[in-house]
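Trainee: On the provided structure of chain G, position chain F as indicated by the hints.
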Amino acid sequence: MAQQSDIKYLTPITVEVRKKKYCRFKRSGIKFVDYKDGEFLKRFVNEQGRIFPRRLTGTSLKFQKKVAQAVKRARHLALLPFVADNLKTNQ
Amino acid sequence: MLNQYETVFIMTPVLSDEQMKETVKKFENYLLEKGAEIIHQENWGLRKLAYPIAKKTSGFYHLMEFKAEPSIIKDFELQYRRDEKIMRYLTVLLDKHAIAYNEKRRNLRKEKSNNQNNQVEEIEIKKEEN
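So the sequences go chain by chain: G and F.
Using my numbering, you'd call the opening residue of the first sequence number 1 and step up by one each time.
Using my numbering, you'd call the opening residue of the second sequence number 1001 and step up by one each time.
Quick caveat, the hints were computed from the structure, so don't treat them as lab data.
Cβ atoms here follow ideal geometry from the backbone N, Cα and C, with glycine treated the same way.
There's no promise every hint is true.
Pairs of lysine-lysine residues, derived as BS3-like cross-links and limited to a Cα-Cα distance of at most 25 Å, are as follows [said to hold, decoys possible]: (1) Lys-72(G) <-> Lys-1112(F); (2) Lys-1026(F) <-> Lys-36(G); (3) Lys-1112(F) <-> Lys-42(G); (4) Lys-1034(F) <-> Lys-1048(F); (5) Lys-66(G) <-> Lys-1104(F); (6) Lys-1026(F) <-> Lys-1074(F); (7) Lys-21(G) <-> Lys-42(G); (8) Lys-1021(F) <-> Lys-72(G); (9) Lys-1026(F) <-> Lys-1056(F); (10) Lys-1056(F) <-> Lys-1025(F); (11) Lys-1074(F) <-> Lys-72(G); (12) Lys-1112(F) <-> Lys-31(G); (13) Lys-66(G) <-> Lys-1096(F); (14) Lys-1067(F) <-> Lys-36(G); (15) Lys-1067(F) <-> Lys-1048(F); (16) Lys-1096(F) <-> Lys-1074(F); (17) Lys-66(G) <-> Lys-1025(F); (18) Lys-20(G) <-> Lys-31(G); (19) Lys-42(G) <-> Lys-1085(F); (20) Lys-1096(F) <-> Lys-72(G); (21) Lys-1110(F) <-> Lys-31(G); (22) Lys-1110(F) <-> Lys-36(G); (23) Lys-1085(F) <-> Lys-1104(F); (24) Lys-1056(F) <-> Lys-1085(F); (25) Lys-36(G) <-> Lys-1085(F); (26) Lys-1021(F) <-> Lys-1074(F); (27) Lys-62(G) <-> Lys-1112(F); (28) Lys-42(G) <-> Lys-1048(F).
Short derived list, chain F residues pointing at chain G, Cβ under 8 Å [as the list claims (entries may be wrong)]: (29) Ile-1010; (30) Tyr-1030; (31) Ala-1050; (32) Leu-1090; (33) Leu-1093; (34) His-1097.
Only chain F is shown next, with the shape it has when bound in the complex:
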């Protein structure tokens, strides 16, 4: 039985951009290795925390949505705990409403980014015209 999960984790802000990407890659690879299917990823970038964690006031947020066997989750979270770059993590099981909501959210975000890109293009075009 495959379940759909969603996981958010916070990495320490001391990492460089490359280190951050490496860390994300590591967890991504772990999931892929265990036969999970990654549906969606989102990088929220550096965000301010609502309260300090380990004396840090900000952190890199990353979200992953994936389909996997329930048995691998325990091991996956163990990986989080072993990695000292991870300050917080949360993995939740998605029910049918959550899956529907996430799909909607994804489409909205896509549209938004498309619109932004279009706007950027339009501006560039205008610049060229000028």
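Bound conformation, chain G alone:
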């Protein structure tokens, strides 16, 4: 019987090392998400202007709620679009 160490792979196996996600607000100590800063809020929306889910950005629940609120306020004031194409590549 072959032992564990005897098994050889044709292609070297790559072990994925994922960076642990973190909440950028908690880490940098930001307590208030500003709806007037459209450029900053663009980090939390995708190219079409949709808000990124928490599982992608790593934002904590507390701040995700605030981000969502801020994005919606910015949309109302036409600082961010409701829908767009190539929101980030244009700038």
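Mentor: Frame of chain G, contents of chain F only:
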């Protein structure tokens, strides 16, 4: 109980500079009349909108920060709705973090404008030297 609020409104781009200032003055006076204390004002000037509103692609933005009784807000927003020069408005209640953030932001802006002024002065001085 006084609350601290912040309001941003967008005026139509068809206004002249004077008309715009008049409109701002009108809302300012309304607040002062109702016993509000205006803490800070910012004029963002003519900005491009992220999407067209009422077939306009730009607008004059103005921001006001003030302390007021909660009861006057409803009436204040009614004034916005009655004024056809206003395309959009948003009034938000500021919590303690927001107040702290705004103070910081104000100081930053002040510094920036001071620096710019200083730079302008320096350039002028240099010109004079030349």
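Trainee: May I ask which of the numbered hints given earlier this structure violates, with the numbers listed in increasing order?
Mentor: 1, 4, 8, 15, 17, 19, 23, 27, 30 and 33
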